[in-house]
Structure formats: C-alpha cells, structure tokens
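Residue numbers (my numbering), protein chains in the order written: chain A, 8 to 119; chain B, 1161 to 1274.
FYI, nobody ran anything at the bench for these hints, they're computed from the structure.
Since the structure is predicted, the reported quantities are computational estimates derived from the model, not experimental observations.
Check before you lean on any hint, since a few could be wrong.
Said to hold, decoys possible - 25 angstroms max Cα-Cα, derived SDA-like pairs, lysine to any residue:
{"#": "1", "chain 1": "A", "residue 1": "K111", "chain 2": "B", "residue 2": "K1217"}
{"#": "2", "chain 1": "B", "residue 1": "K1163", "chain 2": "A", "residue 2": "K10"}
{"#": "3", "chain 1": "A", "residue 1": "K111", "chain 2": "B", "residue 2": "G1176"}
{"#": "4", "chain 1": "A", "residue 1": "K59", "chain 2": "B", "residue 2": "S1255"}
{"#": "5", "chain 1": "A", "residue 1": "K10", "chain 2": "A", "residue 2": "S86"}
{"#": "6", "chain 1": "B", "residue 1": "K1215", "chain 2": "A", "residue 2": "P47"}
Stated by the list, open to error - Residues from chain A that keep clear of chain B, each with C-beta distances beyond 10 angstroms, as calculated:
{"#": "7", "residue": "T12"}
{"#": "8", "residue": "D18"}
{"#": "9", "residue": "G50"}
{"#": "10", "residue": "R52"}
{"#": "11", "residue": "L107"}
{"#": "12", "residue": "K111"}
{"#": "13", "residue": "G112"}
{"#": "14", "residue": "L116"}
A virtual CB, placed ideally from N, CA and C, is assigned to each residue, including glycine.
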Amino acid sequence: LAKTTQPISMDSYEGQEVNITCSHNNIATNDYITWYQQFPSQGPRFIIQGYKTKVTNEVASLFIPADRKSSTLSLPRVSLSDTAVYYCLVARTNSGYSTLTFGKGTMLLVSP
Amino acid sequence: DVKVTQSSRYLVKRTGEKVFLECVQDMDHENMFWYRQDPGLGLRLIYFSYDVKMKEKGDIPEGYSVSREKKERFSLILESASTNQTSMYLCASSSPDSSNQPQHFGDGTRLSIL
C-alpha cells in the first residue's frame, strides 16, 4: 500500500480554516484516499473519503489533484473540539474488503 | 449508527496467560479487523476476517490468533501473553463494497501485561 506522509503537528485558533496536506506518491489506480479523526481514548472515526477532484460533506472537504499524489483535508472554522489526531490513509479494495495502513497522523491543536 | 463494542476498556494480565479480547458489531458487517496502537507507531493491522471462519494475517500477526465463529463477533487471542504485547487494541468492522466502505472502530481495550 502507498505510504503517506503528513505533518506531525499543526496549531490553529478557533474559527480558522485548517488545511492538512498529505502526500502519497506511490498511490495505485485502485486506491482511495481516506481520512480518519481520533480523540484520546477513542477509536478512529471516519471523516471523509475520495478518489479524485473534490469531495465535501458536513464535516470537511477533501481536495485531490489530478495526479492524486497528494490530498488536502480542509476543516472549515475549527472549534476546540476539533483538537485530535488526523490520519491520512490510502485504502485498497480487495474483492469486497479494504485494508488500511495508518501512519503517525497529524496532531491538530486548536486554541481559543 | 454502527456500534462496535469491545468487551473491556482496561485489562491487566500476567506474562504467559492466555488472553481473549472480544469484539461485537451490530451492523451485520462481513469484514472485521484487529489493530494495535502504540505511541510513535500508529495503528498496525494484526488480523482481519472477511467472513465467518475466514481469517487473514495483517502486518504483525506473530503471537496472536483470531476466531470468527459468528458474523457479529471477532475475538483476538494472545496465546501466551508477553510484556511486549502491552498496547491499545482496536477492533473495527466494515461492509463489503467495491467502493471502499469505511471502517467503524470500537473505543479500544488498553491491555497491560505484567
């Protein structure tokens, strides 16, 4: 599976937009780009997933350029409760199930 | 909402004991997974199962085995626990779909081996 590289940590303030960029140079044709969020003492929670261009849901947007070698998770107007670790992954489907490889994630700290 | 329940939040066992970690999901998902999470190493896949009685090794299966006798339940077994198996263990499930259905995680079991 393609290895992902993302910043170890980021700082922001409440109300700001946060963009976390992830690189995945060896992404394969069948791979999807997936982002998870994890709070302390909880399991990771799915945020958003995309294959190309732009995906938006009620929580975030995901921007994927044409070459798919990177992606950017955009969190609009963050709040203190968005402080968490964010994982960028590529997921490959194998006949009905996908396997995930988690990296070390980005620790986002939102301050008042 | 999908619910993945792990039987214990915290567990303390002794070296050499046989340890069972249980996971139950309520969404009739075919796929189930076991990970461990360690500081600085992220999550690593131990085993997964895509059907009852089926299992596949993940990235770090050594020292572990699994059991999937019923669709909703996936057990992780430490045959003879060792101190290097002290970790946070996370279970996940997903439905089979070619468009990459997301995995839903439980809140983890923090296992300490003394």
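Item to check | Verdict on L107/A as a residue remote from chain B, using beta-carbon distances over 10 angstroms | outcome: At about 6 angstroms from chain B, L107/A fails to clear the 10 angstroms cut-off, so the statement is violated.
Checklist entry - Far enough from chain B: is every CB of that chain over 10 angstroms from the CB of G50/A? => result violated (3 angstroms)
Checklist entry - Do the alpha carbons of K1163/B and K10/A lie within 25 angstroms of each other, as the hint requires? => result With a Cα-Cα distance of about 29 angstroms, the restraint between K1163/B and K10/A is violated, given a limit of 25 angstroms.
Checklist entry - Would you say T12/A is clear of chain B, with no C-beta pair closer than or equal to 10 angstroms? => result holds (13 angstroms)
Next on the checklist: For a C-alpha distance cap of 25 angstroms, please report whether K1215/B and P47/A respect it.
Outcome noted: With a Cα-Cα distance of about 29 angstroms, the restraint between K1215/B and P47/A is violated, given a limit of 25 angstroms.
Checklist entry - Can we confirm that no CB of chain B comes within 10 angstroms of the CB of G112/A? => result violated (6 angstroms)
Next on the checklist: Holds or violated: K111/A and K1217/B, Cα atoms, limit 25 angstroms.
Outcome noted: Measuring from Cα to Cα gives roughly 22 angstroms; hence the hint holds.
Next on the checklist: For a C-alpha distance cap of 25 angstroms, please report whether K10/A and S86/A respect it.
Outcome noted: Roughly 30 angstroms separates the two Cα atoms, so the pair is violated.
Next on the checklist: What's the verdict on K59/A and S1255/B, does the C-alpha distance respect the 25 angstroms limit or exceed it?
Outcome noted: holds (22 angstroms)
Checklist entry - Is the hinted pair K111/A and G1176/B satisfied, with a Cα-Cα distance of at most 25 angstroms? => result violated (30 angstroms)
Checklist entry - Far enough from chain B: is every CB of that chain over 10 angstroms from the CB of D18/A? => result holds (20 angstroms)
Item to check | Beyond 10 angstroms from every chain B Cβ - status for R52/A | outcome: violated (7 angstroms)
Violation of the numbered hints given earlier is confined to hints 2, 3, 5, 6, 9, 10, 11, 12 and 13; the remaining hints are satisfied by the structure.
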